[in-house]
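Add chain B to chain A, keeping to what the hints say.
In case you want the letters, here they are:
Protein chains: 2
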Amino acid sequence: MNEATEERSWTTRRDKKAKKILQVSQLAVDKILPSEKMVEALEMLISPGDRVVLEGDNQKQASFLSHVLTQVDPQKVYKLHMIMSSISRPEHLDIFEYGIAEKIDFAYAGPQSLRVAQMLEDRKLKMGEIHTYLELFGRLFIDLIPNVALIAADQADVYGNLYTGANTEETPTIVEATAFKDGIVIAQVNELVDELPRVDIPGSWIDFVVVADKPYQLEPLFTRDPRHITDLQVLMAMMTIRGVYERHQVQSLNHGIGYNTAAIELLLPTYGESLGLKGKICKHWALNPHPTLIPAIESGWVESIHCFGGEVGMEQYVAARPDVFFTGRDGSLRSNRAMSQVAGQYAVDLFVGSTLQMDRDGNSSTVTSGRLAGFGGAPNMGHDPRGRRHSTPAWLDMRTSNDELARGRKLVVQMVETFQKGNEPVFVESMDAVKVGLDANLATAPMMIYGDDVTHVVTEEGIAYLYKSDSVEERRQALSAVAGVTPIGLQHDTKQTAALREKGLIAFPEDLGVNRTEAKRSLLAAKSVEEIVDWSKALYNPPASFRSW
Amino acid sequence: MNEATEERSWTTRRDKKAKKILQVSQLAVDKILPSEKMVEALEMLISPGDRVVLEGDNQKQASFLSHVLTQVDPQKVYKLHMIMSSISRPEHLDIFEYGIAEKIDFAYAGPQSLRVAQMLEDRKLKMGEIHTYLELFGRLFIDLIPNVALIAADQADVYGNLYTGANTEETPTIVEATAFKDGIVIAQVNELVDELPRVDIPGSWIDFVVVADKPYQLEPLFTRDPRHITDLQVLMAMMTIRGVYERHQVQSLNHGIGYNTAAIELLLPTYGESLGLKGKICKHWALNPHPTLIPAIESGWVESIHCFGGEVGMEQYVAARPDVFFTGRDGSLRSNRAMSQVAGQYAVDLFVGSTLQMDRDGNSSTVTSGRLAGFGGAPNMGHDPRGRRHSTPAWLDMRTSNDELARGRKLVVQMVETFQKGNEPVFVESMDAVKVGLDANLATAPMMIYGDDVTHVVTEEGIAYLYKSDSVEERRQALSAVAGVTPIGLQHDTKQTAALREKGLIAFPEDLGVNRTEAKRSLLAAKSVEEIVDWSKALYNPPASFRSW
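Chains as they are written, first to last, in full-length UniProt numbering: chain A, 1 to 549; chain B, 1 to 549.
Mixed in with the good hints there might be a few duds.
What the hints assert, rightly or not - Here are a few chain B residues that face chain A, going by a calculated C-beta distance under 8 Å:
#, residue
1, Leu-134
2, Ala-343
3, Ala-347
4, Val-434
Simulated from the structure, these hints should not be mistaken for laboratory data. Glycine included, every Cβ here is placed at the ideal spot set by N, Cα and C.
Next up, chain A with everything else stripped away, as it sits in the complex:
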């Protein structure tokens, strides 16, 4: 215990915050900052080099605050280390062009993936790491503790209590990491009210509130129009229902975005019903409120759904179905990305994903040339969580040994057509992601799902039951057997087909009792958005872009 120890301050973060709050309080009335003073306020509240979380979710965007941030003086605010779940808006990258921000840690960059890659090449952006959502949230409490959080909510009261309504997403997680480490939390809200419908985040966690010039940006990312589902996708969905869900008794699951999984959802009340599977499979879900799940819900298939976020147009429907969805006292959806990711990782039987490229070992990535898209939540759910200790019938059904320590595993299913649109093969010798990783100087190749975590691959040709394979060679054979006329499919030694079928390593539609000629769009419970609205008893209110009648 030397002298230096004696003199050290242990409240540097708190003192720095107190000083800033005092300075900004001249602009504010209690916690409320006027929108026209926000540039000035941010210049006072954010120091050079600060770690700033900008929300930046999969759906909800703190769009007003991101715009304000582009307007601060780069002589005053610079070298920011940005943390964003999702790089979604042009401003999210403009701040790097303007010299305000320097480094980025993120999880997903879908709409901006091309520009991220370009800016990295041009050295306008210093790359931190690419994460899944959950590991990024974890780091907010470990080595990426924020100095400032810029977040979005529906409503606030004068005490700073927040109502996040149907689109809670990551707001509570970001706020907790910031507020409880003497960081500064600034919330943009759509409106200020006297009384909130419910409190999602306590006012004592929030420093400042600003009413935005317009409501925060919100995208309908999980709406799929059934008109675009093809017969081939219906075939693959039928195979998945019979060959995976029924066979392994899958009771809890996650579906991502896509027409393949939308087809499954729309086949449950028709094809699934005809197989007598209601009440036996697909009862508990971790997913956003997909409109295509409405017919299955209305038909009594679905017991519960926990949501990562909301979905535009589903507000009224969700509020009318509280037995199924998690809702608050005000009646609206309560979503929570962190807890839904935890549930989607550890508490469900199955994850279904899709991909743009897959190699002969079943490794897959949606990263393609020149695009650094990130991972989002898929890898977190699309792997075998080795920390899991509880069992379910489906999980146990994955055991392939009689060893006394044998355990089950999570079902990780990839559904892909062998060719993408534009006739690009999905099954390839080498994925673009490997080159992208090298070009971007990443420490590891940006893989979405690793092959050794994949239990099943479903294509229009059939299903490969990869979890049953005894060797790398057998695994490759099974995969190539369903890879069609792609470079990987053409490597298949057809003499092995019978043996692989015999051993149950692959199954074709006829092996599963699926009749190819029955695989028609007419089997879908709803063939258009209009029919989904009908199923919902007009409670679903699709966004304008999905209205065509």
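This is chain B only, laid out in the frame that chain A set:
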């Protein structure tokens, strides 16, 4: 869409809740229930067969509510499906004896593990599943959605807003899963106040509050008296610092409970300092506020600590060190088990555990004959999280191949002396857990940490670098080389020792530059609780049972 669909109610949970709340409101003043009416209230609020979460954490116990629950009439309240993180108190099992509860899902049963096993054998208890904390939390949102939550907090106001103070633990997670699915949340509090120091849980999530007859039970589980640390543990700690932390540049980590890890914590400011490692290793932590970490904190080793829960006696010290700990506006600790488990799984370089038994493949378990202890949080942190996509130097250092898709892995270290107290070997041919699992009719053997997730095993003999092994055989050789004169150690072919050392698969103290003769208790920064108090400048206030001066 048939007639049955038309007639279905979608608000059964909400309606049931409204009816119960109305009935109980005759007993309550606003949200406040009188403590002497609680038996009656629980009989109204809990229906037969309900899923009830009873808090039941690692440290904090809703002790008043658990006592009340034993007093309800089993003619009125029966067949409850209990969900508890931790089975800690006699009442937690009494309710099964009394015919009130029937089935249990849990994560940990330390103090009650013997009785759990006995009641299972006597068929007085129906076993659900044994979980890690995080997967149990996940299931609360999927297929174990609660009807009722019985929780504990420090203070409430009349609106039901809760202050959980330093021991937040799982309260927010349990409440969220219950409140947002029309379940009933009842909080016992130590006191009712006009104004809370801070709001940890909004009142709109809470249905009823009752002031308990005495403060909730809270155990000092993470306090280790340095007087009990042996020279052998000092030796193992020195090896771990040099051979694991320094070698792999471990910057973020979790330590569990135990004298081995306490020794590491107390060597950082002495031995670690002499190696020039300050600022290079052990900067970010996910762990409870261990008193034995105080000297390292005071010496400037520790940048941040996020906590699962609190620790009795550490309140004032934590409040005085907000640069290090997560604290609220009131100054006290903010813990959160769910988020700290997420961080401990995904965002740290290393986990260190210990065990009672380990087999030749490195599998380990703390379950021993007749005791069904459960897993707690260890398996969640003690595995390689395959959903992780970001890299750190330590993580990358685990790569053993040049494959273009090679990735790093988490460091999972087991520190064990080759023999337990009482001369029982730790390294054994077959673990008791296998037999316990069979006897209890569990679907899989209750393993704590699986061998293929373990990267390093440290014993008093040396370190086995298991992650470097090319084959099962080589792995077994490396492990047996450090297993002393146990049944597994005696299988070691000493002719292989030189080759294993050469290849870096094992290291003895001399290979690590650790001098056995220097491994003395005198190296510890604090040799007693009293000295820890001195380091803390009297801010640490140890519980009476740890005061001996």
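Do the hints match the structure? See the list:
A least Cβ separation of about 6 Å between Leu-134/B and chain A falls short of the 8 Å threshold, and the interface hint therefore holds. For the restraint placing Ala-343/B at the interface with chain A, the shortest Cβ-Cβ distance is roughly 4 Å, inside the 8 Å limit, so the hint holds. Among the interface hints, the one on Ala-347/B holds; its C-beta lies about 3 Å from the nearest C-beta in chain A, closer than the 8 Å criterion. The interface hint given for Val-434/B is met, as the beta carbon of that residue sits about 5 Å from the closest beta carbon of chain A, less than 8 Å.
Checked against the numbered hints listed earlier, the structure breaks none of them; every hint is satisfied.
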